[in-house]
Structure formats: C-alpha cells, structure tokens
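Based on the hints, put chain B with the ligands in the right spot on chain A.
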Amino acid sequence: MAVRVILGLLLTVVASGLAGRRLLMLYRLGRAGQPAEPGRTRGVAARVRAELTEVLGQRKLLKWTVPGTAHLLTFWGFLILGLTLIEGYGALVDRDFHLPWIGTQPWLGFLEDLFAVAVLLAVLVFAAIRLRHLPAREGTRSRFFGSHLGGAWLILFMIFNVVWTLLLYRGAQINTGNFPYADGAFASEVVARVLAPLGTTANDVIETAGLLLALGVVLTFLVIVVHSKHLHIFTAAPNVAFSRRPRALGALQPVRSGGKLVDFDDPGEDDVIGRGAIEDFTWKGMLDFASCTECGRCQSQCPAWNTGKPLSPKLLIMSLRDHALAKAPYLLAGDDHAGVDALAAAEAQRPLVAEGGVITPDVLWSCTTCGACVEQCPVDIEHVDHIVDMRRYQVVMEASFPREAAVLLRNLEHAGDPWGRGAANRLDWTAKLDFPVRVLGDGEALPDDAEYLFWVGCAGAFDERAVRTSQAVAELLHTAGVGYAVLGSGETCTGDPARRLGNELLFQELARQNVATLTAAGVRKIVTTCAHCFNSLANEYPQLGGTFEVVHHTQLLSRLLAEGRLTPVTPVQATVTYHDPCYLGRHNRIFAPPRDILGSVAGVRLTEPDRTRERSFCCGAGGARMWLEEPLGTRINEARTDELLATGADVVAAACPYCIDMLADGVAQRAAEGVTVTDVAGVLLRSVRAIPDDPEGATR
Amino acid sequence: MKIVVLVKYVPEPTATWSFADDHTLDRQNVEGRLSELDEYAVEQALRIAETVPGAHVRYLTMGPARAADGLRKALAMGGDDAVHVLDDALHGADAVATSLVLATALRQAGFDLVLCGMASTDAEMSVVPAMVADRLGVPAVTLAAELSTDGSAVTARRDTDVATEELTAPLPALLSITDRSGDVRLPSFRNIVAAKKKPVVTWSLADLGIAPERIGAATVVRAVRPRPAREAGTVITDEGDAAVQLADFLAANKLL
Ligand code: SF4
Ligand code: SF4
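Heads up: the sequence lines are chains A and B, in that order.
According to full-length UniProt numbering, the first sequence is numbered sequentially starting from 1.
According to full-length UniProt numbering, the second sequence is numbered sequentially starting from 1.
Some hints here could point you the wrong way.
Some but not every residue of chain B turned toward chain A, in silico, with C-beta under 8 angstroms [unchecked claim]: (1) 14; (2) 33; (3) 187; (4) 189.
Source of the hints: derived by calculation from the structure; they are not laboratory data.
Ideal Cβ positions, reconstructed from N, Cα and C, are used throughout, including at glycine.
This is chain A alone, in the form it adopts within the complex:
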C-alpha cells in the first residue's frame, strides 16, 4: 500500500509542478495584455445559456455531425471519467474505495464504462477523419492545413492510453475483489474475464501497476495538454463565458487604449489605436488565442481562404498564439531584458504586421469581415475584432495600408462618399421619379407626417444599380402611403468602409457628423436599403450617442405586405435564389423578411443555394474590399455567383447594394444568359405595379 501511495503522490507532485509552472506562465502572459472592455461579464443569463448550449451541449460542434458527435462523446467522456480519477486516487489509499453515497450503484459503473468505450470509438473516428483529410493529400483544402499535426496525434494516442489503462486496472480490481461495482461495468468485466486465468497474485500486481500506470498517463496527459493546443480543454469554457454576447458580430468595438475609451477630440499622447504588438491585445484576446483548437471550422467557411488568398482565420489565430508564446519570456522578464534567451528576444523584434512579420499584410487586408469564422468557431473566438484592431493600428498609427485604399479614403474625407461625387449630387437618383420625394433642408426637422427618415446611402445615391433599388423602395413606400423624407446633401457616408479598413479617425468624423444631423432633425426611425449602413446606424451609432430605431427596407416592406398596405398583383414567373448579405444575415440575423417578400409574389419559385443563411458565402465586398483590388487567388464574387447559378435560378436576388454589384459583375463574367441580379425590392415592385413594366424592368 505504502508503495502505491508514495508513487502516486510523487507522480502527482511532479506533474502538478510541471503543469502548474506552465499555467502560471500562461496566466502571467494573459496579465501582460490590456484590460478587456467592460461588459464581458454583463448579461449573466445569456452567458449561462451559452455555457449550457455551447459547452455542455456542444451546439456549434454538432453543426458538423460526425466530428461533432465524436467530440460530444469525448467531452462528456472526460467529465464522466473524472469520477474514475477520484476513484483512482481513493484506491491509492484504500483498495476498497468507492465514491461516497452513490459509489457502488450499477448504473454508475455502467455509465463510466459506456463513456470509456465511447471515448475509444471517438478516438478512432478522430483518427479516421485526420487520415481522410491529410493536408499532405488535400493541401489547403484540408481543415488541418497548417495545424500542429504531430501534437494532435500525440493527444489522440494519450486519450487512447487513458482509456485502456483505466480498463486494465478496473478489470484487475474485479478479479481481486476491490471493484466498487458488482454489476453494470460491462467493459471492465470483459477485461476481468481475460485477466482472470493469470491468477490472484498476478491480478494483484496488475491492479497496482495498472492503477499507477493509469494515473501516470492522466498526469502526463495533463502536462502535455497545458503545453499544447489542447489547452482548450481548460480555456474553452471561460472563453465562451467571457465572449461578446449575443455574438462578436455586428458592431465593432469602440477603440480603447490601456482599457480606457479613446477621446478622439483630445487623444492622449500615449494612446495606442488598435493592436500593433501582441501585448496590445486584451487578456481576452490572449484567451482567444489560447482557446483555438485548430479545428479549421472557421477556415472552411472563409471566403478569402476558399478562393486562394493567404488568409485563414485559423492560421491567423494560431500565428498570434505561437508568437505570444514565443515572445512570452521577453514579455515576462520585466524591464531587464538582458537575461532573455536569444530566440525570445528575436521573436520580440518581429513586427506584428509586415512582410516577414507575424501576420503579413496580404493576410490582414484579405479579410472581408464577413464573420463566417466567428459564426463557426466552437469556442467563440472573435476573429473580426482582432483583424480590424490590427488594421486600426496599421492605418491610424503607421499610415500603412494598400495603395488603392488611398482613393477611397480621400473621397470619403473630402466628398463624403467613396465615389468622390460629393453631397451636391446626392439627389440625382430622384430626378426620374414621377412622384415627389421630400428632402430635409439644412437644419430642418423631420415633419410629423414623415414616419421614417429614408437613409439612401452612398451606393443608393451614386451606384447605378443601387439607384434602381432606391427608386424602387421610394416608389413602394409612396404606394403604401408611408411618410418619409431623405437628407439629400445632408447625408454623408456612414463610415462603414473607413472603419472596417481600420481608419477609425475618419469613421469618427463621418459618424459624428451624421449623428449630429440625425439628432438635429429629430429622427427616431430610419429605413435603409444598405446592409452596411443598416449595421452602422443600428449597431455602431449608439457608441457615438445616436440611438435610432433602424429597419432594413426588407423588414419594412415585408411588414407593409403583411398589413396589406402593399399588394403584389402581377405574377413574376421566375426561379429566384436569394443571397444572404453577410451584414444583414450573419451580422444582424435578418433572414426571414427578404424571403417573406419573395414568397409573397405570385409565380416566384424560391430556391436556396447550398450555403445559405448563417453559412452564406460572402460576395467579396465587405471590409472595404469593395474598393480594393483582388489580385490574389480567384475572385470571391465569381465563386459566390457560381454557387447561386448552380441553383438554376434566373433571378439572383439580394438585399445589399454591394452584393448586387459584386454578383451582377459575377453573372456578367460568367456570361450567364438571361440571369438578372436585383434587389428583393425590385422583384416586389414588378409585382406591385399593376402594369407589367418594360422588359428592361427585369433588372430592377
């Protein structure tokens, strides 16, 4: 007995020492980061719900059925087998140990064995998945491309060892009469039957050796885990608990420096805008990096990665983590860096974003901020926030960004719109309408009979295709008798492209001007046709003190249909497929209204592309990429167009001017005869107008 106790405790002390040292280092590394934004613990109910569904229920993992189920079994297996660990430690001291109260009930023995077997099966499934998706064979298409492969195999092997050593000593325990369960532990009983012929003495030895072996394996596993990407076993639950709720999409976080909001009117001299070094990230950012399981789910949906760009959200997060760990000795050395080892010192010299840096500029600028990665990530990592934060540093602190973006920024700064057309031309789209559109003059308040302010947006005012949408919506509102007015020359860009490009200064300038205009005009309700304007107005302007009730035109139109204020009369004989714009769908969860509108039009046959709703594939224009060239890989808009054309639709409908532009270009590129691209409102207008309009109208 004494041997068992001494050896067992010795193993435990050594392993806890090794693991503890590592965990302490990781903790200190997290502390080297910036304070996180407030609100990370607000809304406890939602956080508890997330823990229940995402951690205990493994909701996001189960989106992929086979690996999800295997992971569910492993996760629950570890929880249940935690009981056997207690039993194991108990047995070190008292061979006849069992858990107090419930420790001898057959169902518990059965449950433990059931999960032992389940974990074993899961390991087999995981191994099979890894063999099937070998990066050596599948290259960049593999979800494991760039992951730490050796480490992953080692972990699988260790899980396998945990289970077989467990079953070994339990089998021996049965034979020596020290097993807590008289019945139920079916797998252990099988092992017992195999071991029985060896005799009592041998079983005695196997029991003790097996127990120590099993403990040794678990403890080794612990040490390996805290040194590997399987750290997520410990970090996933807290990471989910502290992540942005309901999700890290929609609004971008306001800029903080050292945990404090930056006052853009009077910024402090040491304020750092964005993240320019790994220690500029918050501890939550560090926790994100430590939580990545390298599963590749994010990457599998990333439009950039899927079209051959160098950006993989997985590799990005992994690079940041690997860099943080490599730089850690330097960061934790305090002010005296003399004793820091050469490798860490060299890593500390590596710039965060640069050619040869941790992240290359091509990676950083490839992101469309579509949020598909955030949507997929089972541990709720906030990729988009991190990417934009790094862009903020590059643009604001370093004035470094792709050259083509200079034109966009200059136009936004001087003309107030990305095209550089200027405020004076903002009403051109109304010229051909045969009904009046009310325009608010400078300083004029929204009249009482105008329920909505119609936010036209830069695209809606200047982009040829989007102008048609503005005209259609204006006509539909006019027909439905909805009172509205537009700002005309009083409107400027919401600042969405500037902010997503990282130019927070310009965003602040534009957004504050708009908030002032809207507030002065007494605006309470806004309707807009642009998914990006919608997102800024509804989710980001509150950060600047502008709180309005913002609806997307598809929401308003579907309500007008439901209320009978709009009636589709003319059938539109067409197969229509609907493309969910990222900023309407994934970012803002508006999925139903556009479909309701299409469904209300007689003759329309609605067909969904393979990737739809939350999994919709980006058109390629978000994150200011609309104004950047796309020289790397293949074109995102063409990839998405192919998916939409594969539905056999003759009308591609969307609900965002960027999407419509990108998809119309894609359709033109594919020379898809007879396929038109239009806003949902265009389809509705064709049906609401009693007279079928000109054949040209198909594109409206």
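Below, chain B with the ligands alone, put in the same frame as chain A:
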C-alpha cells in the same frame, strides 16, 4: 536647410460653391481643404527633410481664418511650424498681390528651398510660383515631377509635352511640384496629435510692412452666373455616312 512650403486652403471641389455680394467666393459657407495639389509639395518637402539632417519644414499660407485648418492638415503630415498671413485687407487679392505677400513673408521667414503645388485647385492659374520667384530673384523650376538636393543645389525632373528635362538650380530656389511626384502620405495618429501643439504664427500686412493699398485686384468681376446645364450631345447613327457627318461636325466647329 530651411524648407518653406507654400500651401493654399481652397474650397472643396465637390461642394456647392456660392458667391457673396461682391462676387467673390463665399468662403464662410463652403467646406474647405488643403489644396490637393499642395499635398504633393508637402510630401516632397517631408521626404527631403527625412534625408537631410537638421532640415526644418515650415508652411506658409495666406488666407481667411479657416485657412489655419489647411496648415494643421499639413502639420499633421509632418513638418515643424507654420506661418499664416491673415488680414482683412487681403480679401479679394489676385495673383499679383498674393505673390507680393508671399514673397515678402518668405523673405522675412528666410529659406533655402521653397516648394509649392503646380497650381491651386480653385483658380488653377499656375502663375504664383513664377511670380514669387521673380520677386525674390531666385531660380524657379516649375512642374517638377522628381527632385533631389545635395544641400547646395536642387535637381529636378520636368516632364513637358515634347521632352523630359533634368534641371539643376543652386539654392536658394523655388520649385512647383506636380501630382506625378509620388503618393502622398496619410497623417498618422501620433502626428495628428503632435500637430496640435506645433506653433502657427499669424502675420498681418503691418507685420510684413506692406501697405494695404498695394493689395487689390487688377481685374473686376462684374457678374457671376451659374453655368448653364449641359446640353445633350449629338448622336450620329451610322447609316454608311457616319464618317462624313463626323467630319462635317468637326469642320463646322473649326476642329478640323
Ligand atoms: S471574417 Fe470572413 S473573410 Fe475574414 S477571416 Fe473571417 S471568414 Fe475569413
Ligand atoms: S479559430 Fe475557432 S474555428 Fe478556427 S480553428 Fe480555432 S477553434 Fe476552430
């Protein structure tokens, strides 16, 4: 080396311009900006300053009170300080008067190298640089697309319609810079913050010793009318005689 960049605060080209009763542009009611073409001169000055140790970059402008915003923008891009010539008597000054004021201010400030944009984006006359150089009696190299200096002379590449020439002038000298000289930097946050503390001094005509009577305009604006809307062009449909029609049109308009 003392580098002085002449900059102008101009009305935003995309804004709607309106005119005051005296037919001058109503600058109070139109957004303004640092003339885009001057940004190229600022950029070149800063690039030189980066390579010449101890170089000092100063901005000089003449304009209404809001012109100080243009100076702040230039200072945010880089540079050390700025001079703003501000005087009510300057209202409505023409190019001749402007060159007098700028030349006097330059002499007072001292300089080795004067840079300016090839033209202002509002009046687009391109004459002020040459006039200033003439008044100062220093060599002028206009429309420079590339420049370098060794501290005692400045060398510039100048693209004309027929040839590319390379000119060298001893310092002090004045150069006007084209928009082909290279990309202009975006002010970085640190520079924007720092620019708020950089000194901007204001000089009046009295400070420069210029009698207000010497300022004025040699021409008088009698009326200002909005440009008539563009008329639809002539569309020629080819029925075999399009080339003839086109030739006739050009001939009728004395273009052939
Ligand atoms: S936001 Fe979209 S483009 Fe950016 S990394 Fe995530 S999936 Fe890729
Ligand atoms: S970031 Fe999330 S989705 Fe992507 S590999 Fe890591 S854990 Fe998986």
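For this structure, which hints from the list above don't hold up?
-> Every hint satisfied by this model.
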